[in-house]
Amino acid sequence: MLVARGLTFGYDPGKPILHDWDATFEAGEVVAVTGPSGRGKSTLLYLLGLMLKPLAGEVLVAGKSAAGLRDKRRAGLRANLFGFVFQDAALDASRTVLDNVVETALYRGDSRGAAIGRARELMAQFGVDLRAEAKPGQVSGGQAQRIALCRALLGDPRILLADEPTGNLDPASASVVVDAFHAQAASGAAVIVVTHDPSLVARCDRTINL
Amino acid sequence: MRRLGAVIIEALATARAQPVSSVVSIVIVAGMVGAVLLTTGRTVGAEQAVLNSIDSAGTRSIVIRAEGDAGLDTSVLERIGNIDGIAWSGVFSSVQDVTNAAVPGGTTVPARLAWSDQLGELGLPAAQAVQNRTAWASNAALDQLGMPDATGGVVTGAGAEFAIAGRIPVPDYLRFLEPLIVAPQQIDSDDPHTVSILVVIAERPDLVSPVSQVVLSVLAVDDPTKVTLTTSEGLATLRALIEGQLGSFGRNLVIVIFALTASLVAAILYGFVMLRRKDFGRRRALGASQGLIIGLLLTQMAFLSGIGAVIGCAATAISLVITGDPLPGIAFFVAVSVLAIAVGVIAALLPASVAARRDPLAELRVP
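Residue numbers (the UniProt record's numbering), protein chains in the order written: chain A, 1 to 210; chain B, 1 to 367.
Hints are supplied without guarantee of correctness; some may be wrong.
[Said to hold, decoys possible] Straight-line alpha carbon distances no greater than 16 Å define the calculated EDC-like cross-link-like pairs of lysine to aspartate or glutamate that follow: (1) B:Lys278 to A:Glu121; (2) B:Lys278 to A:Asp88; (3) B:Lys278 to B:Asp143; (4) B:Lys226 to B:Glu67; (5) A:Lys53 to B:Asp359.
It should be emphasised that the hints constitute simulated quantities derived from the structure, not laboratory data.
Put together the whole structure using the sequences plus the hints.
Next up, the structure:
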């Protein structure tokens, strides 16, 4: 599903934090990427998510190289094939919870009406449906991360990337998130999770240490 | 089309969700429109007032006077009817002194027979609808006749009588005939009458000179030396000078004001983009292309500029009315509004392009 081939990247080209890095992520597995701080875990996630361009090497998405694609095509791939869960949920504080969940429909070109229906299903599934019209500032950290998960799952992504998704969550909320990752993997998606959380690592199918 | 609609809806929703930046943007654009209208708009209004004053003095009029034996007659109207660029034409006979029929030996007032296809524009009924012995008088003439209610009759020295049917408002281009009493006559091409004055009004001031030349060529008089031509060409030249100089001043002022306010809009928008850079980074990460983010911001700014333009126009129009200043006209309001929206959108281009280039990693990483 997702292949990294010879990836090299560094903010200072003379000091790459990733050098000639290879990995393959198959559909149906949840992979943990772990390691000490500063080793480039988050950077790797953003490279795999086509938000950064590697200094060398390439990322193959469903067998096709994303290297050299123009911004519009890369954005299209992110909108249509990828789902993202960020460490602090990264919700738009000025919009309602429902608006946040359906945000990516605009980028995919999906109908907002249909997206709202799917969003309400997901929000009910993750227990945040009662707060649809609330603003993100009015919900707890655990609820915010579940809302972010709903947003990531709205387009039924084939590749789900998560950056420290349980870092600020209590064990119960973290468990809900990890269960969702496994459910998405079971549907045929590749799930890649950057984490320091040993309990999350323990529940992943495979671990990559940087 | 659905994508465009979704972008518009998202842009409007974003504008509503950010009331502070939206209100500030609206206020700036409204201020920009107000500044233009209160400076250039007043200039345009004043220019229009000056031009109207000059026009009222007869910038478009051509007056030809012919001595009695010059040979000018009513048939000239038929020939003039074939000339383009003429708004009105009419001919008048030589003066016949009349007195109030009810006051024998009263003040004599000049009266003229009049022929024209456009008598309606003088507030008179068409010549065909009145008898040749019916006349209309101006206020000045009625005062001299001692006929304040505009009813009665006048009589010439030769004993011909005319019934006064009403009052005639004298247009600026006929003021030289005051005090005026006119008796409309039917035009009979088989029996032309000798006339002494031909008045032609050109459609525009700049047509006075060429129309004069053509009119002179179709007078068909027996003795051209007994014909004199008076035009308002000098006033037309003055009018063109005023129009050109005030117009140029106004345009320069508009450019300066729009440039200043566009810089202000761009600076403030840039500040708001910086404040919301995390949002743009998130949008980029979730799949928004750079083009989409630019489109969202420009649509949002176009919408806010539109509201600002409407508010600015309304507020300025009200204040101009209250202060009694001349309004520049609806076309000027519309033009300034369209320009304000365009300036708002152009000013948003740089901040929008900065927003579209936010690095998702830099904005979304938590230290």
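key: In rising order, the numbers of the hints this structure does not comply with   = Numbers 1 and 3, in rising order.
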